[in-house]
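K.L.:
Below, each chain spelled out in residue letters.
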Amino acid sequence: MKALVPPSIEIGKNITLAEVESRLAEIEARSDRDDATLHLARHLGPNFFVESWVTALIATLSSRHPLTVRDWHRNWEAPEVDQFFKARLSGFSALMNARGVENDSAQTLPVTPAQVRAQTSSLGGVLERNVSVLPPEGVDDYLPGIEMTRHAEGRSITICAVDSDTQRNVPVIFSGLMGNRKSFISSFLNLKHRYMERGTTSGLEHLDQLAAEEALATFVFEAFQNSFEHGCRDQHGKVIPGVRSILLRKHASIDPSGFLARAQGFPALEEFLKQEIIPGGHTKLLEVSVSDQGLGILGNYLHSQGRFAERTILSGEERRDLLQDLISGPLTSKTTFPGAGQGLPNVTKAVQTLGGFLTVRTDESWLTYGKQGQRYVFQSIDAAPVVGTHISLLFPLRSR
Amino acid sequence: MFALEDTFELSDRSIRVLFVDRPKTWSHGQLANELYDDHRPTLLQADYVVVREPVDSQATAAEIKTLPWTALLERIPNCGLLVLYSNRFQHRISKNLNPKAGEDLSPQQKGELLARLQQREIRHFVESSNALLRVTHPWILRLPSNKYGQEFLRVGSIQTNKPALDAIFFWMLPHLKDCTVILTETWTISSLSLNVSRLLANYRNTAPCRVDMLSRYHNGAIELRAEMKAAFERAELTEGRILFLMSASMSGRLQQQCLRALDLTNIPVNRVSFLSLIKLNDKITTDHLCDLSDLDLAFQEETEVDFTNRQVIEIDRTTFFPQNMKDRPVLISQDKQPKESGSEALEAYKGSGWLSLHRDSKDSGGQTLRHHCIYFDVPKLFAVPRFDRGFQQILVSLDPPPKLIITPPHKAGEQLAAKAAQILEIAHGLKPPITHTHGGESDGANPELSLLKELGEEDSIMILDDVSITGEQLSSLQASLRRLEYRGRIHYVIGIARPPALTVWNDRIRKLKFRKGYPEDRRHTVNSVERIVMPDWRRKQCPWCRELKLYLQLAQYGIPLVEDLVERLQLLDNQDDYSLLGNDAFLRAKEDNPLELTTNSILLNTGGSHADLIAAVANRVQRMRTGEDADRLTSGGFPEHDVLCSSCYFGNTFNDSVIRAAVLRVTTRPELEFSEDEAERARRELTVSILTSEKRNESDLSCEILLASASGHLPPLSLTEPQWKKLESRPEFAILKQLFQGASRDL
Chain A
152 MKALVPPSIE IGKNITLAEV ESRLAEIEAR SDRDDATLHL ARHLGPNFFV ESWVTALIAT
212 LSSRHPLTVR DWHRNWEAPE VDQFFKARLS GFSALMNARG VENDSAQTLP VTPAQVRAQT
272 SSLGGVLERN VSVLPPEGVD DYLPGIEMTR HAEGRSITIC AVDSDTQRNV PVIFSGLMGN
332 RKSFISSFLN LKHRYMERGT TSGLEHLDQL AAEEALATFV FEAFQNSFEH GCRDQHGKVI
392 PGVRSILLRK HASIDPSGFL ARAQGFPALE EFLKQEIIPG GHTKLLEVSV SDQGLGILGN
452 YLHSQGRFAE RTILSGEERR DLLQDLISGP LTSKTTFPGA GQGLPNVTKA VQTLGGFLTV
512 RTDESWLTYG KQGQRYVFQS IDAAPVVGTH ISLLFPLRSR
Chain B
14 MFALEDTFEL SDRSIRVLFV DRPKTWSHGQ LANELYDDHR PTLLQADYVV VREPVDSQAT
74 AAEIKTLPWT ALLERIPNCG LLVLYSNRFQ HRISKNLNPK AGEDLSPQQK GELLARLQQR
134 EIRHFVESSN ALLRVTHPWI LRLPSNKYGQ EFLRVGSIQT NKPALDAIFF WMLPHLKDCT
194 VILTETWTIS SLSLNVSRLL ANYRNTAPCR VDMLSRYHNG AIELRAEMKA AFERAELTEG
254 RILFLMSASM SGRLQQQCLR ALDLTNIPVN RVSFLSLIKL NDKITTDHLC DLSDLDLAFQ
314 EETEVDFTNR QVIEIDRTTF FPQNMKDRPV LISQDKQPKE SGSEALEAYK GSGWLSLHRD
374 SKDSGGQTLR HHCIYFDVPK LFAVPRFDRG FQQILVSLDP PPKLIITPPH KAGEQLAAKA
434 AQILEIAHGL KPPITHTHGG ESDGANPELS LLKELGEEDS IMILDDVSIT GEQLSSLQAS
494 LRRLEYRGRI HYVIGIARPP ALTVWNDRIR KLKFRKGYPE DRRHTVNSVE RIVMPDWRRK
554 QCPWCRELKL YLQLAQYGIP LVEDLVERLQ LLDNQDDYSL LGNDAFLRAK EDNPLELTTN
614 SILLNTGGSH ADLIAAVANR VQRMRTGEDA DRLTSGGFPE HDVLCSSCYF GNTFNDSVIR
674 AAVLRVTTRP ELEFSEDEAE RARRELTVSI LTSEKRNESD LSCEILLASA SGHLPPLSLT
734 EPQWKKLESR PEFAILKQLF QGASRDL
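Here the protein sequences line up with chains A and B, keeping their order.
The number in the working numbering is simply the position in the first sequence, starting from 1, with 151 added.
The number in the working numbering is simply the position in the second sequence, starting from 1, with 13 added.
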């Protein structure tokens with residue numbers, strides 16, 4: 152019998168979601184557990200949702216194969232290491248999930264995962280705080296120890312929690328706020344304002360700014376609360392080690408049609424841009440992604456119903472219908488409590504308020520939720536299995 | 014968001030209500046989420062949620078019905094939804110808008126509910142503020158009216174927040190029709206009257222009405238009458254009705270003064286109406302918003318008071334504030350009634366691991382119910398013979414034995430039910446079915462509950478819970494059973510009753526036992542294995558939540574946390590492990606030894622965990638707070654202020670740092686801080702001396718002291734350079750520095 156070549160995946164600059172999906176399909180096609188290598192570019196380019204997708208790929212690959220992440224460069228240069236492995240979700244996630252990180256000369260990374268994790272925790276769990284201007288002299292507005300990312304496309308911030316096999320965590324900056332919507336929302340909006348906006352504006356130019364801010368914060372709260380409650384335990388109740396994250400990134404383009412290139416290979420998103428963004432003349436968009444490495448929305452729900460084994464025998468259609476019901480209606484794993492199960496429906500309501508486009512990548516499903524004509528509808532694409540749940544939203548920063 | 018829960022007795026039924034405001038800036042969806050997040054346990058027990066729409070808008074019944082209630086109804090599937098609103102200056106309550114739960118109230122019931130809500134809400138504002146000033150012997154108050162008394166109601170003190178002001182406007186609406194001038198008795202209720210004027214302008218879409226105020230309490234002096242006359246003459250220039258607003262009416266004398274002043278003007282008496290916010294005497298006929306005549310505030314004339322050995326505290330006639338405060342230092346002593354208060358039980362159960370701190374309770378579906386500062390894990394007590402025996406004795410004595418066991422759906426309830434079933438089978442040869450419910454379900458949703466209809470008056474069932482705090486949940490289950498047409502007897506069995514005061518529990522027992530038309534020996538029964546007085550502290554009061562919040566604020570401020578504090582924060586935020594079970598209750602450097610208890614403390618002997626000690630101290634202090642104990646510590650008293658002697662936490666009363674730390678944690682700032690300068694200065698000096706002490710068995714309290722100071726639990730500390738130098742070599746220096754940094758940043 153012919154031996155399989157050990158898996159080797161390449162993630163280059165400007166990789167598209169479709170290309171990440173094809174890599175996921177490659178992973179799914181293998182039945183071995185051989186050591187794998189992931190060649191990871193330090194800059195993933197401006198494509199929408201790409202950090203989130205690559206993070207999903209890293210989680211999936213590392214769950215099946217002992218993983219070594221390989222940097223394309225021959226030398227470690229401290230500023231670049233800081234910018235990527237300590238400050239970008241894909242780099243950080245690679246460091247936390249892989250067995251090792253080395254460069255093209257087989258030199259291991261000069262910092263350990265434990266050191267990076269400790270630094271991130273001491274800074275509140277804020278991984279990346281990428282701004283285009285430096286603070287004025289003498290103002291300690293910006294977090295010390297975090298470098299500006301050189302290749303950034305607009306402002307962004309990423310907040311992470313790292314679960315160990317004994318304990319699920321919360322980003323320090325949100326400690327004590329899980330389940331506490333009001334305080335979480337207030338802290339999140341302060342954080343967003345502090346690190347993503349200039350002056351006193353909220354950055355949102357919607358007709359009803361308060362409603363838009365509330366919708367954005369609700370989206371983040373519900374999605375992250377969902378990851379905290381349901382996205383970090385396996386079917387035996389054990390904590391799944393891994394990274395859970397919230398990523399916000401502003402996208403800007405002089406010409407709205409310039410956004411199309413960043414959605415290549417994702418037809419539903421291209422359609423949304425053509426229908427809503429380009430005619431609306433929007434030149435600024437906000438991407439929000441919330442990710443975990445748990446059992447996935449379906450897996451978790453079926454487990455709560457004592458039907459975990461069914462996840463492998465559901466047809467594509469059953470899977471899609473159930474997922475849609477979970478996202479849009481009050482189906483819940485909290486079976487004993489009246490009024491529970493509104494978390495994910497709140498997410499879809501927020502998408503409507505913001506006039507945005509939602510994509511949910513979980514299990515073998517790739518679900519989108521966006522406007523068709525005047526109505527919001529779900530569309531579903533069958534895809535290769537992915538570890539965790541990755542919920543992403545893209546919306547214009549002002550009303551049409 | 015303002016929220017109030019209570020049971021209201023209407024003419025032929027009693028209803029449990031959660032009453033909330035929808036602030037103008039909130040959507041109905043936001044209100045739904047807020048209710049669900051902050052009032053989940055209450056929603057399980059409420060028959061109705063009453064939502065008050067923004068107070069300065071009027072609506073018709075049809076308009077109210079078309080508001081977007083869907084999100085709220087999804088969050089409260091088991092409660093009726095009533096909307097409180099107004100139309101043309103009349104209060105209205107809508108029909109029940111939840112088709113799945115609750116019934117419509119009759120017009121009479123709606124009227125009764127309106128009156129009860131008004132009375133309850135305003136009473137709440139009085140009770141939750143410092144409005145009632147009270148002193149005990151030897152002090153006595155000289156009131157603005159020149160009379161003397163032990164109590165004085167300063168109504169202006171209810172003006173603590175916007176919801177309170179808005180609520181008063183809402184209840185004043187029927188008195189505001191055609192009103193163009195509001196004249197208040199003093200400026201102590203000026204915020205309230207200015208807010209009324211502003212909201213009234215929104216309400217009727219007109220310019221704000223004129224607001225005028227008298228400068229001080231009018232006791233009939235001639236010069237004050239002139240001021241009153243001048244105020245009326247200014248009001249005369251505006252057409253329309255003049256509302257004279259009084260904070261409280263006790264004797265009706267102020268109204269008489271007004272009428273006399275009016276005689277001196279050209280204003281017809283029927284242009285002026287009088288409204289008192291609070292009625293303090295049931296003989297007074299002036300219109301009022303809330304009747305507090307049951308407070309029975311007695312006062313005496315000067316000639317009737319014996320001033321021997323009395324000290325007078327003057328109430329200022331302009332501000333209505335007492336002119337000084339008096340501290341009454343209190344020592345923590347041994348409980349004289351250890352059995353009744355539960356301190357004996359805490360001693361007996363120590364070391365069994367049944368107590369933990371800073372923990373959420375969850376139902377069996379994983380839903381968080383609430384936070385407990387001190388959490389009781391009752392099933393662990395079955396390993397202690399005293400509890401196991403007590404539980405068995407109660408079950409064996411149930412007569413008649415129960416035919417159904419009902420418990421709330423949580424893990425402890427399930428464990429207790431299984432144990433109870435075993436005991437009943439051995440004792441009575443019975444195997445009653447077990448069902449788990451929060452209550453509020455229809456019998457169709459829970460097949461075991463359908464059994465209830467088949468049971469007769471002589472049958473019995475058992476409602477079993479691991480812990481009961483106020484007994485509200487038990488009452489709620491009782492109401493659910495009535496709805497399911499159960500006619501038999503109920504045995505309430507509780508593992509540990511942990512009321513905030515014995516009187517609260519005794520009152521609840523009385524209500525739970527009541528069975529209309531049955532003699533004493535056939536009424537419901539209420540039994541608990543133990544009864545332990547304990548503060549009912551949630552997130553807001555939990556000292557470990559306060560600690561967590563401080564670290565969170567440091568992180569949000571952009572201060573990189575030192576490693577020890579990151580670990581501490583993760584420990585406090587660990588939702589799964591509940592690590593504050595053992596000896597982690599107090600902040601210390603990682604390499605430092607945990608604080609430990611030595612022998613023969615009057616609060617707890619050796620052998621317990623930090624949680625055991627915290628519970629023992631909390632039990633003792635709570636007993637003092639309730640006033641049921643000879644050593645009284647009524648926190649927040651004003652102008653007579655009970656304050657704990659600093660020797661309790663920094664002096665010689667308790668030498669162990671661990672007890673001092675426990676006292677610091679379970680007390681509130683008003684219980685620690687003196688209002689008199691000299692005593693407070695001495696307390697601060699004592700604090701610094703402990704902090705900088707050379708003795709390690711004293712200075713090991715340093716982290717806790719600076720934590721208390723940084724989190725606002727104690728006043729800020731200032732240290733000199735040499736004092737800081739003394740701390741530099743300590744293992745906890747990095748923590749102290751960061752805490753001090755936090756304290757000085759005024760987070």
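Worth flagging that the hints you see were computed from the coordinates, not collected in a lab.
Treat the hints with care, as some may be off.
[Claimed, not checked] Cut-off 25 Å, straight-line C-alpha distance, at most; resulting in silico cross-link-like pairs (BS3-like, lysine-lysine):
id, chain 1, residue 1, chain 2, residue 2
1, B, K416, B, K526
2, B, K466, B, K393
3, B, K416, B, K529
4, A, K500, B, K37
5, A, K500, B, K529
6, B, K393, A, K389
7, B, K375, A, K333
8, B, K352, B, K526
9, A, K333, B, K37
10, B, K160, B, K296
K.L.:
Give a verdict on every hint.
P.N.:
We went through each hint and held it up to the structure:
| no. | hint | in the structure |
| --- | --- | --- |
| 1 | B:K416 x B:K526 | holds, 19 Å |
| 2 | B:K466 x B:K393 | violated, 35 Å |
| 3 | B:K416 x B:K529 | holds, 21 Å |
| 4 | A:K500 x B:K37 | holds, 20 Å |
| 5 | A:K500 x B:K529 | violated, 49 Å |
| 6 | B:K393 x A:K389 | holds, 23 Å |
| 7 | B:K375 x A:K333 | holds, 20 Å |
| 8 | B:K352 x B:K526 | holds, 23 Å |
| 9 | A:K333 x B:K37 | holds, 17 Å |
| 10 | B:K160 x B:K296 | holds, 19 Å |
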